[in-house]
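*Asks:* Start from chain U and add chain W according to the hints.
Number of protein chains: 2
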Amino acid sequence: MEINLSAGLFTPEKNFLQFDESTVYDTVIVGGGPAGLTAAVYCMRKGLAAGIIIKDMGGQVAETAGIENYLGFRYVNGAELVDKFREQVLQFGIAFREGATVTSIQDGSVKRLVLDDGTSVSTRTVIIASGKSWRRLGVKGERELTGRGVAYCSTCDAPFFAGKDVAVVGGGNSGIESAIDLAKVASRVVLVQNLDSLTADRILVDRLGEYGNVEIIYGHGVTEILGEERVRGVSIRSVGTGETRNLEVQGIFIEIGLVPNSGFVKGLLEMNESGEIVVDSACATSRPGIFAAGDVTSVPFKQIIIAGGEGAKAALSAAEYILTQK
Amino acid sequence: MEINLSAGLFTPEKNFLQFDESTVYDTVIVGGGPAGLTAAVYCMRKGLAAGIIIKDMGGQVAETAGIENYLGFRYVNGAELVDKFREQVLQFGIAFREGATVTSIQDGSVKRLVLDDGTSVSTRTVIIASGKSWRRLGVKGERELTGRGVAYCSTCDAPFFAGKDVAVVGGGNSGIESAIDLAKVASRVVLVQNLDSLTADRILVDRLGEYGNVEIIYGHGVTEILGEERVRGVSIRSVGTGETRNLEVQGIFIEIGLVPNSGFVKGLLEMNESGEIVVDSACATSRPGIFAAGDVTSVPFKQIIIAGGEGAKAALSAAEYILTQK
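Protein chains in written order, with the working numbering: chain U, 1 to 326; chain W, 1001 to 1326.
Be aware that a few hints might be false.
Stated by the list, open to error - In silico PhoX-like links for lysine-lysine, alpha-carbon gap of 25 Å or less:
| no. | chain 1 | residue 1 | chain 2 | residue 2 |
| --- | --- | --- | --- | --- |
| 1 | W | Lys1302 | U | Lys84 |
| 2 | U | Lys55 | U | Lys84 |
| 3 | U | Lys84 | W | Lys1266 |
| 4 | U | Lys266 | U | Lys84 |
| 5 | W | Lys1302 | U | Lys302 |
| 6 | W | Lys1266 | W | Lys1055 |
| 7 | W | Lys1302 | W | Lys1266 |
| 8 | W | Lys1302 | W | Lys1084 |
| 9 | U | Lys266 | U | Lys55 |
| 10 | U | Lys302 | U | Lys184 |
| 11 | W | Lys1055 | U | Lys302 |
To be verified - For the chain W half of the interface with chain U, some residues (derived, Cβ under 8 Å), not all of them:
| no. | residue |
| --- | --- |
| 12 | Leu1037 |
| 13 | Thr1038 |
| 14 | Tyr1070 |
| 15 | Gly1072 |
| 16 | Gln1088 |
| 17 | Gln1091 |
| 18 | Gly1093 |
| 19 | Val1299 |
| 20 | Ile1305 |
| 21 | Ile1306 |
| 22 | Lys1313 |
| 23 | Ile1322 |
| 24 | Leu1323 |
| 25 | Thr1324 |
Stated by the list, open to error - Just the calculated beta-carbon pair ranges, DEER-fashion:
| no. | chain 1 | residue 1 | chain 2 | residue 2 | range |
| --- | --- | --- | --- | --- | --- |
| 26 | W | Asp1206 | U | Ser120 | 31 to 41 Å |
| 27 | U | Lys266 | W | Asn1272 | 29 to 39 Å |
| 28 | U | Val259 | W | Gly1163 | 47 to 57 Å |
| 29 | W | Gly1163 | U | Arg232 | 58 to 68 Å |
| 30 | U | Gln325 | W | Asp1116 | 41 to 51 Å |
| 31 | U | Ser187 | W | Glu1270 | 24 to 34 Å |
| 32 | W | Asp1117 | U | Leu195 | 50 to 60 Å |
| 33 | W | Glu1080 | U | Gly242 | 53 to 63 Å |
| 34 | U | Gly118 | W | Arg1143 | 56 to 66 Å |
| 35 | W | Lys1184 | U | Asp116 | 51 to 61 Å |
Think of the hints as simulated: they come from the structure by calculation, not from any bench.
Glycine included, every Cβ here is placed at the ideal spot set by N, Cα and C.
If we strip away everything but chain U, and leave its shape as in the complex, we get:
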């Protein structure tokens, strides 16, 4: 049992701790996706007094059907991977709060995080890993069938639709990239665009034109996703005539964008035009002692392993910052 080697340091019996309002933590992590959870493991291993505030454990990972591109696992489903991440963080005595949202941060040499229930937490450094949310269609069936035919990430999930008929919603770059990813593996791809033309880059549209199994339906919006256990079709309605018809598909990729969960630090931190927090290569933001990692940041490509790597960087940067401040 190699694990016993470290028994002096980490006792699995130690469980999540309550936050203590009178303590000044070394670091508090906001977010419980791969970036936040990896940051937590690194902070605890560096011996920091750390806490983590999580709205949804696992973040977008929890909504992903299957994962084949996280090194170490040939195949793992989203919920399983979140369980493993959770268990790994759980072994440490980290202050923990689930189901809560940070509404604002008061900056200073000690920073104060205000939560939606009116409580607050004091800390020397903050690691913001609050992620992005997929922009949702907001139609019937969408939430119920997420992970069961409703998908948002073609890089993650396209291979699971090999040989199937699938719809893609959205005519921007991510919609077309998604349709290309799917055209390679799916039997048929129907791209549904509410405008009369595509808004994606010309080069992407040309590439999509090379595939014979793609049909584009212009001037239509999706009004409902059909199916009980799994997606079996979508209802679309003409923007012009209001006429409705059904498409028989086994999957639907909703590619109408992602929204960074950065509203609570608007005005405090430098952001780009998409509302992503701008970070340098060590995950530092525009304010000393505030670090950010993962999908909420300006780092390109949104993937589990990338977010994890950024979370580790942010934690090590926070540890270095504390070392130079004390």
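*Replies:* Positioned in the frame of chain U, the structure of chain W alone reads:
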């Protein structure tokens, strides 16, 4: 068997392929550590015609005793994790070469990689993930006991020395940081420095002074690492008098630096003063179509999950580059 969902795309029976000298690959990856192997998985999933040239499978991971900070695994040893990475890459039909070294790259719209056996490989893009090598002491017992008491990464391995006596070699920043990491968990830490003073930053030296269980031996070098199955001591020799004595320790951390494996692209790519390849946040180097990822680059902090994340970024950048060039 969820894996069957993707059977149309990935057949596990497909094995590693030979490189074909007449083919122009979409991308060729140089290096088989976490960055290179993650890049391989992402390239194959993007449908690229890819190859990978590996000197040592697993890179530094293969030399790491135990890993507790790679999310998804509470504890895994280096060799096991390398096996999992290998198996995950093996499922794809990737051109593969092990035990070979790239000696130079001829740039152009098609790039030519020249190998140490005189063969060459043509490709549109290159992902350099050749890593770093620990600078070794070069003394008896070092190679034989690596992973069995001889360690190089305190962030990775310090917790395994809880309650033990351990030596650290090197009085620069990484030596002192390592000694601090170890002072928190080890019973006793002996820092061996060949000069008469430490060269680390003042603040780090001050921090180290706060620990009562650290002894510093100046003006001595390590001449041999003792032990059969595991480390049981080290021989040190006075630089002044030439006198030799033994220290009884169960571990030794060698912290005399890391050397980036970037010699084969010297003059071709922009590097920093440490010989690391300079990359932007999307892993692009100073030459179009040449990307770099992991420890060989200027990205701070050298960790498995960080290297993996960077490998994914490099692969997605290469895929984007190819899409815009074709």
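*Asks:* Could you run down the list of hints and mark each one as holding or not?
*Replies:* Verification of the supplied hints:
1. Lys1302(W) / Lys84(U): holds, 23 Å
2. Lys55(U) / Lys84(U): holds, 18 Å
3. Lys84(U) / Lys1266(W): The hint is violated at about 42 Å.
4. Lys266(U) / Lys84(U): violated, 33 Å
5. Lys1302(W) / Lys302(U): OK: Lys1302(W) and Lys302(U) at ~21 Å, within 25 Å.
6. Lys1266(W) / Lys1055(W): holds, 19 Å
7. Lys1302(W) / Lys1266(W): holds, 21 Å
8. Lys1302(W) / Lys1084(W): Holds, because 20 Å separates the two Cα atoms, which is no more than 25 Å.
9. Lys266(U) / Lys55(U): Given pair Lys266(U), Lys55(U) holds - Cα atoms ~19 Å apart, limit 25 Å.
10. Lys302(U) / Lys184(U): holds, 21 Å
11. Lys1055(W) / Lys302(U): Outside the cut-off at roughly 30 Å; violated.
12. Leu1037: holds, 6 Å
13. Thr1038: At 5 Å from the nearest chain U Cβ, Thr1038(W) passes the 8 Å test, so the hint holds.
14. Tyr1070: holds, 7 Å
15. Gly1072: Since the shortest Cβ distance to chain U is 5 Å, the answer is holds.
16. Gln1088: holds, 5 Å
17. Gln1091: holds, 7 Å
18. Gly1093: Since the shortest Cβ distance to chain U is 14 Å, the answer is violated.
19. Val1299: holds, 6 Å
20. Ile1305: holds, 5 Å
21. Ile1306: holds, 4 Å
22. Lys1313: With Cβ-Cβ at 5 Å, under 8 Å, it holds.
23. Ile1322: Hint violated; Ile1322(W) Cβ to chain U Cβ min 11 Å, cut 8 Å.
24. Leu1323: This interface hint holds because 6 Å falls under the 8 Å limit.
25. Thr1324: holds, 6 Å
26. Asp1206(W) / Ser120(U): 31 to 41 Å: holds, 32 Å
27. Lys266(U) / Asn1272(W): 29 to 39 Å: holds, 35 Å
28. Val259(U) / Gly1163(W): 47 to 57 Å: holds, 49 Å
29. Gly1163(W) / Arg232(U): 58 to 68 Å: holds, 60 Å
30. Gln325(U) / Asp1116(W): 41 to 51 Å: The hint (41 to 51 Å, Cβ to Cβ) holds, given that Gln325(U) and Asp1116(W) are roughly 48 Å apart.
31. Ser187(U) / Glu1270(W): 24 to 34 Å: Because 46 Å falls outside the window, the suggested range is violated.
32. Asp1117(W) / Leu195(U): 50 to 60 Å: Given range 50 to 60 Å: holds, Cβ gap about 56 Å.
33. Glu1080(W) / Gly242(U): 53 to 63 Å: holds, 60 Å
34. Gly118(U) / Arg1143(W): 56 to 66 Å: holds, 59 Å
35. Lys1184(W) / Asp116(U): 51 to 61 Å: violated, 36 Å
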